[in-house]
Structures are given as structure tokens and as C-alpha cells.
Amino acid sequence: MRVALVVMPLAAVHRPSLAAGLLQAAVKTRGLECDTKYFNVTLWKMLGAEAYRFFCQEAPMTALAGEWAFAQAFHGRREGAREAYAREVLDHPVWGLPSASRAPVWALEELAPAFLRVAFESCDWGQYELVGFTSTFEQTMPSLCLARMIRERYPRVKLVAGGANFEAGMGRQYMERFEFLDYVATGEADVSFPRLCENLREGRDEVPPGFLYRDGGAVRESPRRKEQGYASLDALPTPDYEDFFRLVRTSAPELAARMWLPLEASRGCWWGEHSHCTFCGLNGEAMTFRRKSWRRVVNELEEVGRRHGAAPVQYADNILAMDYFKDLLPHWAAQPERTEKFFEIKSNLKRRQVRLLREAGITCVQAGVETLADGTLKVMRKGVSGAQNVALLRWCQELGVDSLWNVIYGFPREDPEDYARTLALLQKLAHLRPPDICSPIRMDRFSPNHTSWREQGFTRIRPMPAYRHVFPFPEETLHELAYYFDYEHPRWGEVLERGAALQSFISQWQERHRRRANGELAVKPHWQGGFVLIDSRFNVTPASERLAEATVALLLACDAPTSREQALRTAAEASGATAPEVLERELARLLDRGIIASLGSLLVTLAMLPDGLRMERLARAH
Numbered sequence: 184m185r186v187a188l189v190v191m192p193l194a195a196v197h198r199p200s201l202a203a204g205l206l207q208a209a210v211k212t213r214g215l216e217c218d219t220k221y222f223n224v225t226l227w228k229m230l231g232a233e234a235y236r237f238f239c240q241e242a243p244m245t246a247l248a249g250e251w252a253f254a255q256a257f258h259g260r261r262e263g264a265r266e267a268y269a270r271e272v273l274d275h276p277v278w279g280l281p282s283a284s285r286a287p288v289w290a291l292e293e294l295a296p297a298f299l300r301v302a303f304e305s306c307d308w309g310q311y312e313l314v315g316f317t318s319t320f321e322q323t324m325p326s327l328c329l330a331r332m333i334r335e336r337y338p339r340v341k342l343v344a345g346g347a348n349f350e351a352g353m354g355r356q357y358m359e360r361f362e363f364l365d366y367v368a369t370g371e372a373d374v375s376f377p378r379l380c381e382n383l384r385e386g387r388d389e390v391p392p393g394f395l396y397r398d399g400g401a402v403r404e405s406p407r408r409k410e411q412g413y414a415s416l417d418a419l420p421t422p423d424y425e426d427f428f429r430l431v432r433t434s435a436p437e438l439a440a441r442m443w444l445p446l447e448a449s450r451g452c453w454w455g456e457h458s459h460c461t462f463c464g465l466n467g468e469a470m471t472f473r474r475k476s477w478r479r480v481v482n483e484l485e486e487v488g489r490r491h492g493a494a495p496v497q498y499a500d501n502i503l504a505m506d507y508f509k510d511l512l513p514h515w516a517a518q519p520e521r522t523e524k525f526f527e528i529k530s531n532l533k534r535r536q537v538r539l540l541r542e543a544g545i546t547c548v549q550a551g552v553e554t555l556a557d558g559t560l561k562v563m564r565k566g567v568s569g570a571q572n573v574a575l576l577r578w579c580q581e582l583g584v585d586s587l588w589n590v591i592y593g594f595p596r597e598d599p600e601d602y603a604r605t606l607a608l609l610q611k612l613a614h615l616r617p618p619d620i621c622s623p624i625r626m627d628r629f630s631p632n633h634t635s636w637r638e639q640g641f642t643r644i645r646p647m648p649a650y651r652h653v654f655p656f657p658e659e660t661l662h663e664l665a666y667y668f669d670y671e672h673p674r675w676g677e678v679l680e681r682g683a684a685l686q687s688f689i690s691q692w693q694e695r696h697r698r699r700a701n702g703e704l705a706v707k708p709h710w711q712g713g714f715v716l717i718d719s720r721f722n723v724t725p726a727s728e729r730l731a732e733a734t735v736a737l738l739l740a741c742d743a744p745t746s747r748e749q750a751l752r753t754a755a756e757a758s759g760a761t762a763p764e765v766l767e768r769e770l771a772r773l774l775d776r777g778i779i780a781s782l783g784s785l786l787v788t789l790a791m792l793p794d795g796l797r798m799e800r801l802a803r804a805h
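Residue 184 in our numbering sits at position 1 of the sequence shown, with consecutive numbering throughout.
Just so you know, these hints were derived from the structure itself, not from any lab. Note that CB positions come from ideal geometry on N, CA and C, so glycine has one too. Mixed in with the good hints, there may be bad ones.
With a straight-line cut-off of 25 Å between C-alpha atoms, the simulated PhoX-like cross-links for lysine-lysine are [said to hold, decoys possible]:
| no. | residue 1 | residue 2 |
| --- | --- | --- |
| 1 | K341 | K533 |
| 2 | K228 | K341 |
| 3 | K211 | K228 |
| 4 | K561 | K509 |
| 5 | K533 | K509 |
| 6 | K611 | K529 |
| 7 | K561 | K611 |
| 8 | K211 | K341 |
| 9 | K509 | K611 |
| 10 | K509 | K529 |
The following label-pair restraints were derived from C-beta to C-beta distances [said to hold, decoys possible]:
| no. | residue 1 | residue 2 | range |
| --- | --- | --- | --- |
| 11 | A603 | R564 | 31 to 41 Å |
| 12 | E262 | G400 | 25 to 35 Å |
| 13 | L774 | E703 | 14 to 24 Å |
| 14 | T634 | G713 | 34 to 44 Å |
| 15 | D506 | T634 | 45 to 55 Å |
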């Protein structure tokens, strides 16, 4: 029994596939031969690194540009198809792509047939009993193209598809419309896929739970029973990345310089179990939070290091388990050599927890910051305040943790006045790392915005226009197959108008950041003792001032979000004999200058605070 797993474009090339690595390891432990084919790297070499990077990092996912290019190879190029796609999709005022950026799309359309021929002819597919395709993001049409070619030449080879694009009801539409697929996994397949391989080897007709399959001319489902639960994460094997590293060594050594290895410590979302963020479509039907024991996480990281050498690790978790602050992170922090790591986190962390992230080697995070407006955060169900988000972003920058974040807007029930308040606040944060994305919300399948769109205030939803150009199916089929949805609500025009100011400012901020011209707002030690505040945020001559005792006390009091009353009380205790009216006036001055911000009922310091400032105050307190 031989199995092949296929990673098609447009998966990122600087890391192996976690899904394929897990399945390959699981299949091998059952005594079956298994190879993983990284054809995403093949296209990267044929198309060119810059053009391939465009699809992975720049092209809007809702345009399905890569899927469209391969759809032309699948269905056959039709006269006027390119023009219709450009007019109805790429020219879209919100989700489109400027004319000057479209060259890679047309280049991929031209190259796709030749690439598919190379992928198909690269090996003898007849040596495999089963070929599996994984699809997340824009891998579906490339996978279907190659799968059909294999079926036509090797009709006895079984074909199976799985991954996020086939989850739940989406998988049935693909199974019914693409008759060359023999099986589709509609959820996690860590246990069911190896069992399917074993059943085929033994000649058993039993189809494991979680798969769609064909029975004569009908599509059947082997349902996953609730009592079966999910696979124990501790029981899963360490991902097998040998085929990827062999490819890098022999054909693509340049990938090694920027490589990240994907691992996972948990699945699901502990916050989503409690309060599903309205815009989030991650996890699909598997929101239940599960995590590995911290010792298993440690051992797996060490095993991957022994196999492949030192390389940064990107943990695929949707959210960092809070328990790990008690055991896993302290363990990593105590090691003499620490692997560089990435995690997604919730923005309710404390300063000491951010410090522990850095000490544990977690140098980059996705902070879960999508807005700084309290009202919009409530609409999102994020469970944090704008002040908490600001404090986290500042702490990350102070402590050397690169924090990725976004600004999204356009919720039907958000406060229109939040746009002006947000812009005014962002202008005060120009010394920090800018957002990576500023955009209207995207409506994803499985999100509350999609499942309860009327209750959320939307008046109409429909599949993104790109789906019509990729799949020639009726609208009702596209509704079941699509992951991204276009939408309408009564304030949509106002959203675009108000959001344009946010986008314009953030674009300028991003450009200044690229040129390292952000300016700064920072407290620094003065050579004569004490501290000085430097403010050069607004491209003017830097302003500086020696800080009085009351000023230092207020900045420290608002280091973490706090009420006005508590800030004044804490500052009074720290500054000794300073009169209350002096503290009141100084706080008003700091708020007026944007050194401290007032967000709702909370105050938070915006200036970068050095560790020496806290250490000095601590020493004085004792």
C-alpha cells in the first residue's frame, strides 16, 4: 500500500505543510509507505519568487485570483473570460485589485497548463493506491486539475481531498460536482485518514467517520458521532517534514534562509467557546478548545530540532493557552538556547506575561487586535477594551515582541463616531508598529456574521463574485460551497466613506514605518539623573522635557489601563507630598499632549517606558 499526499499551489513555500506532515507521520506509523509532493515549490520556481509571493501576501483572498487562473485550465479558456473576471471581480471597489497589480494573475493563467503537465509527469502516479490533496486558501482548483489528470490516466487510483476548503457542507458540494473524487474529509482526519488507508490495504469497504464517499451513483456520508470526540493531541505523531527538507536541499536551497516550521500546541479557541467573535470563521465546526500537555509541546519541539536543525517555529494555534504561562513558557525561558517562535494570543495579557513571552523565545505574535474602539469591540464580542489593546501593543514594542495587528471596520451596529475617535487615537500612536491591514470586515463562513447575518444587522449576503468565475454552478450551489461572502447593510456607503480616512492615514503610517521614520514617544534616562521625555511623532523638531516627580508617577500609574480616580490615587502614593491639584493639572496636560490617552472610562500611557524607570520607583518604594 503506497500513499501520496499532494501540497498544491498556492500554499506558502517557506514552510512545510502541517496537515500533510501530520498525516504522513500517522500513515507511516501504521506500516504504509507515504510520500508528500510539494508542487507549490515547483510553481514557485516556474512562476518566480516575486510573482508567487504576490499571491500569498498581496492579492486579496476574496478575489480568488489563483483559483481563477487554474479554473481556466480546468474548464478551458473561454473568450472574454479574462475581461469579465477583471470587470466583475478585480474592479470591485472594496475587494478588487488595481490594474497595475494584475500582471501576476495573467502570468499564472498562461503558465498553469504547463505547470500541471510538469506536476503530472513528475512521477508514476500508478504506483500509488491512494492520492490525497489538502486544500486551504487557494489550493482547490489546482488540486482538482491534477486529480482529474490522475483519474484519466490511472482510473484505479483512489482520490481523496480534505482541508479547510472541504469542511462541513462545503465538502458535499465538491463531492457531488467533481465525480472523480472518491472521498472527501469534512473535518479533522488525524485518525480517520490513516484508518481509511488501512481499510483499503486490507480490502475492507468500511469508510471511517468524517468522510463522504461514493456508493454507486450516490454520495454517502460516514457521520462523525459526538461521543467519538476528537483525537487526543498528545497522541498525534510529530509531523514528518523529511520530504520537504529533501526538496529544499536538492532543488530550493534558497528557501532555507526564511523558513518557519509549523507546529501546533492546541486546537480550537477557549475564548470562542465562551464568546464567538462575530467576524471569525476559524475552527469551523471544531471550536472546542484542546491543548497538548506542556511536556509534549517541549518534547516535540526538541524532536523537530534534532531532525531538522535550528529553525524558527510558527505555532498554528488560534490562541495561546493561558495555562502555558504557568509551565510551558517558564520552561522555555529557563533554557540556555531558545528557538524563535510565533503564537497567536489574546490581547488581555499583563506586562509580566508579555515579558515572559519574550523570555520564552516568542518573538512574534498575532495579538488579536482588530480595533481600538470600545463600542466596536463589544459588537465583535472580543471581551477586551481599547485601552487593553493599546497597552499590549506598547508593551510588545517595549519588550521586543513583534506584534501583528489589524484595523477592521464596517459592522452594521458599530458607532459611526468611532471612526473619528479611532483616527485621533491612531495619530497619537504613530511611534508604534502600524497595523498590517486596514479594511472593511470580511464575511467568512462559520462566523456569527454569516450564520446569523440578519441578527447581526446585514440585509443581504451572497457568495463573493469571484466564485461565479471559478465554478460554473448555480447560485444555490455556490452558497453552499463558498467560504467568503459579499454583504449589504444600511450603513455600507457611510462605512466606505468614513473608513477611507483610516485607510489613508494607516497607509502613510506603514510607509513611514518601512522608512523607519515613525518618530518616537519615549521616556529615557537623563545624563544628569532622572528622566526625559522625547516626542518626535509628528515629523517636527523633537520636543523634550525633564520629567517632574508627578509626571513620572502618572505615567507609571497608567502603564496598565486604569480609571482616572485610581491613577490619581496611585500617583499620589508614589509621589509623596505632591498636592492633588498639581496631579490633576499634570494629568490634564499629559492627556492634552497625547502622552496619556483616555479611552472610554480608562486611561493608558502611550509613551514607551524603560525598565529603569520601574526599577528606580521600586527601589524608592523600599
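With a cut-off of 25 Å on the C-alpha distance, tell me whether K228 and K341 pass. With Cα atoms ~29 Å apart, K228 and K341 exceed 25 Å; violated.
Restraint check for K561 with K611, where alpha carbons must lie at most 25 Å apart: Holds, at about 23 Å.
Outcome for the supplied range 25 to 35 Å, where the beta carbon pair is E262 and G400: holds, 34 Å
Verify the proposed pairing of K611 with K529, using a straight-line Cα cut of 25 Å. holds, 23 Å
Need the status of pair K533, K509: alpha-carbon distance at most 25 Å? holds, 14 Å
Is the distance from the Cβ of D506 to the Cβ of T634 consistent with 45 to 55 Å? At roughly 30 Å between Cβ atoms, T634 and D506 fall outside 45 to 55 Å, so the hint is violated.
In this structure, is the beta-carbon distance linking T634 and G713 contained in 34 to 44 Å? violated, 57 Å
Do the alpha carbons of K509 and K529 lie within 25 Å of each other, as the hint requires? Since the Cα atoms of K509 and K529 sit roughly 16 Å apart, the hinted pair holds (cutoff 25 Å).
Are the Cα positions of K509 and K611 separated by 25 Å at most? Not OK: K509 and K611 at ~35 Å, beyond 25 Å, violated.
Compare the distance between the alpha carbons of K341 and K533 with 25 Å, and conclude whether the hinted pair is satisfied. violated, 52 Å
Straight-line alpha-carbon gap K211 to K341, limit 25 Å: holds, 18 Å
Verify the CB-CB distance for A603 and R564 against the hinted window 31 to 41 Å. violated, 23 Å
Hint compliance for this structure: hints 1, 2, 3, 4, 9, 11, 14, 15 are not met, and every other hint is.
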